[in-house]
Amino acid sequence: MFALIMAGGSGTRFWPRSRASHPKQLLNIYGQQTMIQQTIGRLSSIIPPENVLVVTTKAQLEKTVEQLPNIPSENFIIEPYGKNTAPCIGLGSLFLHKKDPDAVAIVLPADHLIEDEERFIEQLQQAADVAKNSDALVTIGMKPTFPATGYGYIQHTSEKIESENGWAYRVKAFAEKPNYETACRFVECGEFLWNSGIFVWKLSSILQELEEHLPDLHQGLTTIAPAIGTPDQDEVIEQVYRQTKSVSIDYGVMEHARDVAVVPGDFRWNDLGSWGEVYKVLQHDEDGNATDSQHILLDSKNCLVDAQDKTVAMIGVSDLIVVDTGDALLICSQEKAQNVKDVVDLLKRKKANHLL
0 MFALIMAGGS
10 GTRFWPRSRA
20 SHPKQLLNIY
30 GQQTMIQQTI
40 GRLSSIIPPE
50 NVLVVTTKAQ
60 LEKTVEQLPN
70 IPSENFIIEP
80 YGKNTAPCIG
90 LGSLFLHKKD
100 PDAVAIVLPA
110 DHLIEDEERF
120 IEQLQQAADV
130 AKNSDALVTI
140 GMKPTFPATG
150 YGYIQHTSEK
160 IESENGWAYR
170 VKAFAEKPNY
180 ETACRFVECG
190 EFLWNSGIFV
200 WKLSSILQEL
210 EEHLPDLHQG
220 LTTIAPAIGT
230 PDQDEVIEQV
240 YRQTKSVSID
250 YGVMEHARDV
260 AVVPGDFRWN
270 DLGSWGEVYK
280 VLQHDEDGNA
290 TDSQHILLDS
300 KNCLVDAQDK
310 TVAMIGVSDL
320 IVVDTGDALL
330 ICSQEKAQNV
340 KDVVDLLKRK
350 KANHLL
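Those letters in the sequence shown? Residues 0 to 355, by numbering that gives the first Met the number 0.
In case anyone wonders, no lab produced these hints; they're calculated from the structure. One or more of the hints may lead you astray.
As the list claims (entries may be wrong) - Computed spacing ranges between beta-carbons, pair by pair:
(1) K350 x R241: 20 to 30 Å
(2) P143 x L355: 19 to 29 Å
(3) Q282 x P214: 46 to 56 Å
(4) T144 x P100: 31 to 41 Å
(5) D258 x Q31: 38 to 48 Å
(6) P47 x A226: 24 to 34 Å
No residue lacks a Cβ here, since even glycine has one placed at the ideal position from N, Cα and C.
Use the sequences and the hints to build the structure in full.
Quick look at the structure:
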């Protein structure tokens, strides 16, 4: 079994700590290790380092390699441009298919939080057994604990695909991020799971589905295949990527494939998609503040302070996020935490590259 780690994201919702060359997955946002170190570490009981492939960008390569000394250098694949998850998964699957065309691969983002790691491994193995013994594209959907509007949803049927050591529901439909009323209906219905973005499948199965549903991308992968391992590899990949459209694996493949299954997950997962989500998982004091002891919060409630090189004092405020990195300071309300990426978009338009 192999693991394909998607590690080329820019993490714009975590500005100012997350930057183009040092994004979210390379930060120790929660715990002592960085997000990507935690991601690969929790797989170590079932997948050896030589079977882990990391897809990243040229700007992030050096720091990513530095953080993962046990991963062989040839297992780092460079995307010349970020083109969303379908090209990333297609490229990584192509490299893994060269290693072992009959293998099962686990595909997952580098920057998610998983608290019950033992349960996570159990359910990954369940999904892998279903994938190994069928042609299904298997995903893991998290059992919703509240009507979340920040996640996509997966609707499943009552029909199961069963294997010797696992089972999964057949998928009926994928749903985009809903409004609150729709999310409430999803949770009450009992057929909907949060879309975790974690997939398990045979490499032959995903490449076949890419050929059927994204033929232009598949044609590009066919061009890349003979160049793998040659001096022309990076140049050919760049040439193909110039013509490659940006598309997610959900929109491009999963929503259209006929044989899709989902394993319900319950291993306490969070995609840590914003500073607001980080606040939720951190320890809080009696006033609901998440901060280090060096900071001073008087008559203040439900605030997150992340500032390492200075003391922050706050008086009479609530529901704020404060992040200081020396060259930039973010102050926003908890409810607007998802909008931090808009600041990054504005900085790009202003060509403030030193802050990106």
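Here is what the structure says about each hint:
1. K350 x R241: 20 to 30 Å: With Cβ atoms ~23 Å apart, the hint holds.
2. P143 x L355: 19 to 29 Å: violated, 34 Å
3. Q282 x P214: 46 to 56 Å: 50 Å Cβ-Cβ, so the 46 to 56 Å window holds.
4. T144 x P100: 31 to 41 Å: holds, 39 Å
5. D258 x Q31: 38 to 48 Å: 41 Å Cβ-Cβ, so the 38 to 48 Å window holds.
6. P47 x A226: 24 to 34 Å: holds, 27 Å
In summary, the structure is inconsistent with hint 2 from the numbered list given earlier, while agreeing with all the others.
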